[in-house]
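Residues per chain, in single letters:
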Amino acid sequence: MITLTRKKANESNGQSKRISIRDKLLVKEVQEMEENLPSTVKTSFPDSNNLSEFYLTVQPNEGLWKDGRFKFLITINEDYNMMPPKVKCLTKILHPNISAAGDVCLSLLRLNSIDGMGWMPTRRLKDVIFGINSLFTDLCDFDDPLNIELSEEYAANSEKVKQRIREHVLQNAMR
Amino acid sequence: MSEDNDKTSYDSDSSKPDKMFTLKKWNSVAMWSWDVECEICAICRVQVMDACLRCQAESKKDIQSKDGACVVVWGECNHSFHHCCMSLWVKQNNRCPLCQQEWSIQRLSS
Ligand SMILES: [Zn+2]
Ligand SMILES: [Zn+2]
Ligand SMILES: [Zn+2]
Numbered sequence: 250m251i252t253l254t255r256k257k258a259n260e261s262n263g264q265s266k267r268i269s270i271r272d273k274l275l276v277k278e279v280q281e282m283e284e285n286l287p288s289t290v291k292t293s294f295p296d297s298n299n300l301s302e303f304y305l306t307v308q309p310n311e312g313l314w315k316d317g318r319f320k321f322l323i324t325i326n327e328d329y330n331m332m333p334p335k336v337k338c339l340t341k342i343l344h345p346n347i348s349a350a351g352d353v354c355l356s357l358l359r360l361n362s363i364d365g366m367g368w369m370p371t372r373r374l375k376d377v378i379f380g381i382n383s384l385f386t387d388l389c390d391f392d393d394p395l396n397i398e399l400s401e402e403y404a405a406n407s408e409k410v411k412q413r414i415r416e417h418v419l420q421n422a423m424r
Numbered sequence: 007m008s009e010d011n012d013k014t015s016y017d018s019d020s021s022k023p024d025k026m027f028t029l030k031k032w033n034s035v036a037m038w039s040w041d042v043e044c045e046i047c048a049i050c051r052v053q054v055m056d057a058c059l060r061c062q063a064e065s066k067k068d069i070q071s072k073d074g075a076c077v078v079v080w081g082e083c084n085h086s087f088h089h090c091c092m093s094l095w096v097k098q099n100n101r102c103p104l105c106q107q108e109w110s111i112q113r114l115s116s
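Residue numbers (the working numbering), protein chains in the order written: chain S, 250 to 424; chain R, 7 to 116.
Bear in mind the hints are in silico, worked out from the structure with no lab data behind them. These numbers come from a predicted model, not from an experiment. A couple of the hints might just be wrong.
Partner residues aside, some chain R positions facing chain S, computed with beta carbon under 10 Å [unchecked claim]:
(1) Arg-60
(2) Leu-94
(3) Trp-95
(4) Asn-99
(5) Arg-101
(6) Cys-102
(7) Ser-110
(8) Leu-114
Pairs of lysine-lysine residues, derived as DSS-like cross-links and limited to a Cα-Cα distance of at most 27 Å, are as follows [as the list claims (entries may be wrong)]:
(9) R:Lys-97 to S:Lys-291
(10) S:Lys-375 to S:Lys-315
(11) S:Lys-335 to S:Lys-320
(12) R:Lys-97 to S:Lys-337
(13) S:Lys-411 to S:Lys-320
(14) S:Lys-291 to S:Lys-320
(15) S:Lys-315 to S:Lys-341
(16) S:Lys-337 to S:Lys-277
(17) S:Lys-277 to R:Lys-97
(18) S:Lys-291 to S:Lys-273
(19) S:Lys-315 to S:Lys-337
(20) S:Lys-273 to S:Lys-341
(21) S:Lys-375 to S:Lys-273
(22) R:Lys-97 to S:Lys-375
(23) S:Lys-273 to R:Lys-97
Yeah, the Cβ is synthetic: ideal placement off N, Cα and C, and Gly gets one too.
Just need the whole structure built from these sequences, with the hints factored in.
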């Protein structure tokens, strides 16, 4: 009897253990993130008891996407912090490093990177937030594109693409 | 202490006692080991001398008396982590998360 109960407990233990480790890390990291939010960023937690899924809204105050509002969904799976958070852009956007499906190309979210720029368990949520926010300024990179079409257009005629991006922001990302 | 003596009594320092040096050396060794005790594992953010977050979750009863399974590992780069934490990470990427160097174990704590 005793062995049976024990075995059962052990089976579910693996998963619940990982969750509790993630949640312990998140309690500190979410607080640290909230204390260090850039002025262009807001977070919202749909379920205040669940720190592992939240929205991030970036409202750039400079650059091509200025004054747009871009909403991202951040999901932190059980294997955090061995694995990076998952980031999805929910707002329609024309951006070299964000695909039409909302996939985000950010080096620090990349696993198995050999250049030292990829995911490391030493990184924190606040680093991810800074990274996403910087995609609209410093980290915007037409040379390492996810939206290849847009980047090719940009190489051919950058002014035209800038114009298109501005129009797209006005049509899709203004509140 | 010995240096102050040195400066103020430079005219008669031929009989400076050797013992002073022994004492100073012992002191600095004690400081060093205190530093290591306070080092934080950059992966789980718990002190390396305590059980890691995973081992703590496993045996909530007696966290302080760690059973020897949760040891500290030092890499060739001199960075230290819990062995538990580091062995999980090297499966993803065999690099030190602090300095990005290729990870190879220098030693483990007993
Ligand atoms: Zn650790
Ligand atoms: Zn451990
Ligand atoms: Zn290192």
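Would you pick out the hints that fail for this structure and give their numbers low to high?
7, 8, 9, 20
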